[in-house]
Amino acid sequence: MRYLPHTAQDRREMLAAIGAASVDDLYRDVPHSARLGGLVDLPRHQGELAVERDIAGLAAKNRPAGSMASFLGGGAYRHHVPSSVDHLIQRGEFLTSYTPYQPEVTQGTLQMLFEFQTQVALISGMDVANASMYDGATGAAEAVLMANRVTKRAKALLSGGLHPHYREVIETYGRWSGFSVKAAAADVSGVEDLASRIDAETSCVVVQNPSIFGRIHDYAALAAAAQNAGALLVVVVTEAVSLGLLKPPGEMGADIFVGEGQSIGNALNFGGPYVGLFATRDKYVRQMPGRLTGETVDADGRRGWVLTLSTREQHIRREKATSNICTNSGLCALAFCIHLSLLGEDGFTRLAQINHAHAVQLAEKLGGVKGVSLVNDSFFNEFTLKLPKPASEVVERLVDKGVLAGVPASRLWPDQPDLANHLIVAATETNTEAEMDLFARSLAEVL
Amino acid sequence: MDKSQGRTARPDAAPAAEIVTASGHRGLQTEEKLIFEQGEPGRTGVDLPAPPKVADRLNGLKRQRPVGLPGLSEPQVIRHFTRLSQKNYAIDSGLYPLGSCTMKHNPRLNEKMARLPGLADIHPLQPVSTVQGALELMDRLAHWLKTLTGMPAVALTPGAGAHGEFCGMVAIRAALDAKGQQSRKRVLVPESAHGTNPATAAACGFTVDAIPADDRGRVDLAAFKAKLGPDVAAIMLTNPNTCGLFEPDIVTIAKALHEAGGYFYCDGANFNAIAGRVRPADLGIDAMHINLHKTFSTPHGGGGPGSGPVVFSEALAPYVPLPYVVHGKDGFRLVEGREGKAEPLGRLKTFHGQMGMFVRALTYMLSHGADGIRQASEDAVLNANYLLARLKDVMSPAFDGPCMHECLFDDSFLKDTGVSTLDFAKALIDEGFHPMTMYFPLVVHGALLIEPTESETRASLDEFVGSLRSLATRAKQGEAASFHAAPRLTPRRRLDETRAARQPVLRWKPAAPTRQAAE
Amino acid sequence: MAEIRFTKEHEWIRIEGDTGTVGISDYAQGQLGDVVFVEVPEVGKKVSKGAQAAVVESVKAASEVYAPVSGEVTAANAALAGNPGLVNASAMGDGWFFKLKLSNKAELGELMDEAAYKAYVAGLG
Chain A
1 MRYLPHTAQD
11 RREMLAAIGA
21 ASVDDLYRDV
31 PHSARLGGLV
41 DLPRHQGELA
51 VERDIAGLAA
61 KNRPAGSMAS
71 FLGGGAYRHH
81 VPSSVDHLIQ
91 RGEFLTSYTP
101 YQPEVTQGTL
111 QMLFEFQTQV
121 ALISGMDVAN
131 ASMYDGATGA
141 AEAVLMANRV
151 TKRAKALLSG
161 GLHPHYREVI
171 ETYGRWSGFS
181 VKAAAADVSG
191 VEDLASRIDA
201 ETSCVVVQNP
211 SIFGRIHDYA
221 ALAAAAQNAG
231 ALLVVVVTEA
241 VSLGLLKPPG
251 EMGADIFVGE
261 GQSIGNALNF
271 GGPYVGLFAT
281 RDKYVRQMPG
291 RLTGETVDAD
301 GRRGWVLTLS
311 TREQHIRREK
321 ATSNICTNSG
331 LCALAFCIHL
341 SLLGEDGFTR
351 LAQINHAHAV
361 QLAEKLGGVK
371 GVSLVNDSFF
381 NEFTLKLPKP
391 ASEVVERLVD
401 KGVLAGVPAS
411 RLWPDQPDLA
421 NHLIVAATET
431 NTEAEMDLFA
441 RSLAEVL
Chain B
1 MDKSQGRTAR
11 PDAAPAAEIV
21 TASGHRGLQT
31 EEKLIFEQGE
41 PGRTGVDLPA
51 PPKVADRLNG
61 LKRQRPVGLP
71 GLSEPQVIRH
81 FTRLSQKNYA
91 IDSGLYPLGS
101 CTMKHNPRLN
111 EKMARLPGLA
121 DIHPLQPVST
131 VQGALELMDR
141 LAHWLKTLTG
151 MPAVALTPGA
161 GAHGEFCGMV
171 AIRAALDAKG
181 QQSRKRVLVP
191 ESAHGTNPAT
201 AAACGFTVDA
211 IPADDRGRVD
221 LAAFKAKLGP
231 DVAAIMLTNP
241 NTCGLFEPDI
251 VTIAKALHEA
261 GGYFYCDGAN
271 FNAIAGRVRP
281 ADLGIDAMHI
291 NLHKTFSTPH
301 GGGGPGSGPV
311 VFSEALAPYV
321 PLPYVVHGKD
331 GFRLVEGREG
341 KAEPLGRLKT
351 FHGQMGMFVR
361 ALTYMLSHGA
371 DGIRQASEDA
381 VLNANYLLAR
391 LKDVMSPAFD
401 GPCMHECLFD
411 DSFLKDTGVS
421 TLDFAKALID
431 EGFHPMTMYF
441 PLVVHGALLI
451 EPTESETRAS
461 LDEFVGSLRS
471 LATRAKQGEA
481 ASFHAAPRLT
491 PRRRLDETRA
501 ARQPVLRWKP
511 AAPTRQAAE
Chain C
1 MAEIRFTKEH
11 EWIRIEGDTG
21 TVGISDYAQG
31 QLGDVVFVEV
41 PEVGKKVSKG
51 AQAAVVESVK
61 AASEVYAPVS
71 GEVTAANAAL
81 AGNPGLVNAS
91 AMGDGWFFKL
101 KLSNKAELGE
111 LMDEAAYKAY
121 VAGLG
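Residue numbers (my numbering), protein chains in the order written: chain A, 1 to 447; chain B, 1 to 519; chain C, 1 to 125.
In isolation and in its complexed conformation, chain A is listed as follows:
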């Protein structure tokens, strides 16, 4: 077995050094009823070539987004990731290191996390960010828990423009952690009035920008309304690239920013692993979940970094911790940090401009197809179309034409027949004009 270095002789000699007759001796605390005599019913070990064939066979049964014209979004976006990102994150010193609990021998990870925290704070316009969460939806649930701690209230008000999966994760946490969730109806047209629904029990209002339907909002007035009522405003951004072009949540008065960072540095990966972004105001930092890296000096007075404010965390506070999270999304945060370092100010803003321009072009082409109407009056790189037929059928038929046409709203709201004809479509820098034309032509053919 290529991963196991011991020879039979090694094992014999080591057992002798231990004073054990056999390895079974070492398992003598296991009750007899629970000892497996032989091997479990699974295949034996295999060499690299055989395993590679097996896994590649499974991969071949999928149709990668890159092999088609893909316009899928809905919380995960296909962007170009520079080749140096994947090269650097595969360096063993990053890949095979643990959480940086020993700062003298993990300054690399710690400095990177400090840079990551700074990047997240900058793009969101917030004061301070943590070292990442599992993903956007779990980050949103943690934001509600944090708002509950800050306000000592226990009711979250969710926008109808929030990604339904984010709503469901918040509802799961609410149901089992004991806070109530009031979710507004799916807000296709962007007319919901959340401010009037804030009451004395509301701990936070959770909105998304752009909304799941792609619409862009200014939440400044809602932030003020929430704060006047003693509640916090949580702004969720599922497409991190949008922050290169849009007024950031911090400038709208958000108290907590939650983002899905997958778009920057990370592949689609069929939904994970991704990286949750989480930032807040300075005054709330001690209520923030997750790990934090801070600057300090070493015994010789040289600048260095450590994990800090860890008394908020489970390994010290145990049942009084701000969150039960231990492992987060370090390597995905590294990918994010490297990609954003490569982009820089000019690259990040330009990438956002290209995304928006492609979406505008696509909206014009698709809006020109007979029977199709554009629902949004504003959008970044994703918008919603209303089709004359159920969107899921259209999407299935377009697969045959080499087009992944978008996310049918029915996939996200299976119980809402009124949304059956809505299709959520995204364009990124990866989409060519030829792909857009193929999409428009094929859509016309199947309608």
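Calculated from the structure, these hints are not laboratory results.
Just so you know, even glycine gets a beta-carbon here, dropped at the ideal spot from N, CA and C.
Some hints could be false.
To be verified - Just the calculated beta-carbon pair ranges, DEER-fashion:
#1 510/B / 196/A: 34 to 44 Å
#2 196/A / 56/B: 26 to 36 Å
#3 300/A / 412/B: 45 to 55 Å
#4 94/C / 199/A: 52 to 62 Å
#5 199/A / 412/B: 53 to 63 Å
#6 227/A / 231/B: 54 to 64 Å
#7 33/C / 224/A: 58 to 68 Å
#8 338/B / 33/C: 36 to 46 Å
Claimed, not checked - In silico DSSO-like links for lysine-lysine, alpha-carbon gap of 27 Å or less:
#9 99/C / 45/C
#10 415/B / 283/A
#11 389/A / 370/A
#12 415/B / 45/C
What the hints assert, rightly or not - So, partial list: chain C residues that the calculated Cβ filter (under 10 Å) puts toward chain A:
#13 36
#14 39
#15 51
#16 55
#17 57
#18 58
#19 59
#20 61
#21 66
#22 99
Mind docking chains B and C on chain A? Use the hints.
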């Protein structure tokens, strides 16, 4: 004729310790500024085309101010992160005996497989007809996990161990609620448990009741039985436990608990000691998370991403979270809403779980096979017992052996030496090793928890033993001062954590303009 | 002269009239190590004897501080926010946490005086 021009082929023997360099670098140990201190406006590491000219549709909400990101070229970025990486200790570079964390070798085949376009470049919301291979892969991973544990069901979605604990504990809550037993709120948690256990129980609305350990490092069976009652919802027990010991009474504990109407949650962080040799189902467990990033070697990545699938007994199987994979008429299906009798416990992550980690874990399992997984467990246990045997005369084992995959020492061997567990661990860094886990579990004073894993050769274990024995001897010989000063050979020496916490600096900020610049 | 009393949880309370000033003992600050953060109660908060009133954190530990007796918080030490090290430097003086208006002076009888506390700490080994 002197062709050497003064060059000599033999090094001088002058001491290097006090050398001061103009650059601040010390040979291969380089000082590296923050990206924010290296950037220049107008510089970039990507070449993007000019955006097509369009009338914007931004509703007047265009960003008005610069983001403030630094501009770096690709070579700068490569050098920056390469230099940062060189400040990290890693499994690739040495033995990483961090108890309870399972720092085993991370095969590169796993990385290669996870990057196949057919697995990495698929969108979670593609039509299921286009992702049959992905669903099949999840189904196969589920089959391996179920077979190895003997459990009938598995939830794949949890993002890491603590998330898995949350999943398992809310499933228990749901099952109790379905039986009308809302009043069962007390969860028994041994004092030696991972901090995540009580944190999770509290997050799910349970109250935590600590069970003491006996003097053998095991759950005190009498104390446990005395705590059973009609309000007990569950026990959260790590097995093998955090002292590195198998709980010999586990079957008795499970039986007594079940008779009292409670559920058995097992923290599977240490499954790597018994995988292929013991099936948790045969121990009476109702739910257990498996850290794929520990037992099945998906890399730790400097702190994640992890993956924490949870296996369930028949009693809890109806409560698996959404979404999950089922066999349908025309292939695999993804269930994303309520189907069937019981109400699932809801959604835990944005999408379907940590697919990239599933690929790595399945690749690892196929590589090892049933025989290799069993052998890996045995070798991990063998290595830990070998360390215990070779160190027990100079260090102080907390409990008698045999241990499982990790061995635990207390700090009594350092008594009256002036050297603390922390000092001892920091001195180990200068010896070229990552420290063991310190001060955990809490039930042992000054704990040192060593987990070598199966990846190490005997020679590497012997070298490690040599360092530990030497340090233990030096501590006893009164060299405390050198321990207090350790580490000295690292990019940074001990860091001032008090300062970091008293005046938190959690992000870079541009220096305030000096008066001169302002004028 | 002000009298001072101690709890088994290592809080002290100095009584002046019907007001008590509360902090943690020098022994407690030594056990905690460098204090990095103190969460003090809001003025006006009513606390009952033994209830959690404050939190004190070092780098590696967080501890609850309990009200030695019942009462209403009349002041909190604002200086601790900027300088939590006061608790280490002057546990019994400038590092005080909060002041209470006592609601039941009889509860003081259940606390230790300085000599009894010294003996109690000595017994902790």
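Hints and how they fare:
{"no.": "1", "hint": "510/B / 196/A: 34 to 44 Å", "verdict": "holds (41 Å)"}
{"no.": "2", "hint": "196/A / 56/B: 26 to 36 Å", "verdict": "holds (31 Å)"}
{"no.": "3", "hint": "300/A / 412/B: 45 to 55 Å", "verdict": "violated (33 Å)"}
{"no.": "4", "hint": "94/C / 199/A: 52 to 62 Å", "verdict": "violated (43 Å)"}
{"no.": "5", "hint": "199/A / 412/B: 53 to 63 Å", "verdict": "holds (59 Å)"}
{"no.": "6", "hint": "227/A / 231/B: 54 to 64 Å", "verdict": "violated (41 Å)"}
{"no.": "7", "hint": "33/C / 224/A: 58 to 68 Å", "verdict": "violated (43 Å)"}
{"no.": "8", "hint": "338/B / 33/C: 36 to 46 Å", "verdict": "violated (52 Å)"}
{"no.": "9", "hint": "99/C / 45/C", "verdict": "holds (11 Å)"}
{"no.": "10", "hint": "415/B / 283/A", "verdict": "violated (43 Å)"}
{"no.": "11", "hint": "389/A / 370/A", "verdict": "holds (12 Å)"}
{"no.": "12", "hint": "415/B / 45/C", "verdict": "violated (46 Å)"}
{"no.": "13", "hint": "36", "verdict": "holds (8 Å)"}
{"no.": "14", "hint": "39", "verdict": "holds (8 Å)"}
{"no.": "15", "hint": "51", "verdict": "violated (15 Å)"}
{"no.": "16", "hint": "55", "verdict": "holds (9 Å)"}
{"no.": "17", "hint": "57", "verdict": "holds (4 Å)"}
{"no.": "18", "hint": "58", "verdict": "holds (8 Å)"}
{"no.": "19", "hint": "59", "verdict": "holds (8 Å)"}
{"no.": "20", "hint": "61", "verdict": "holds (6 Å)"}
{"no.": "21", "hint": "66", "verdict": "violated (14 Å)"}
{"no.": "22", "hint": "99", "verdict": "violated (23 Å)"}
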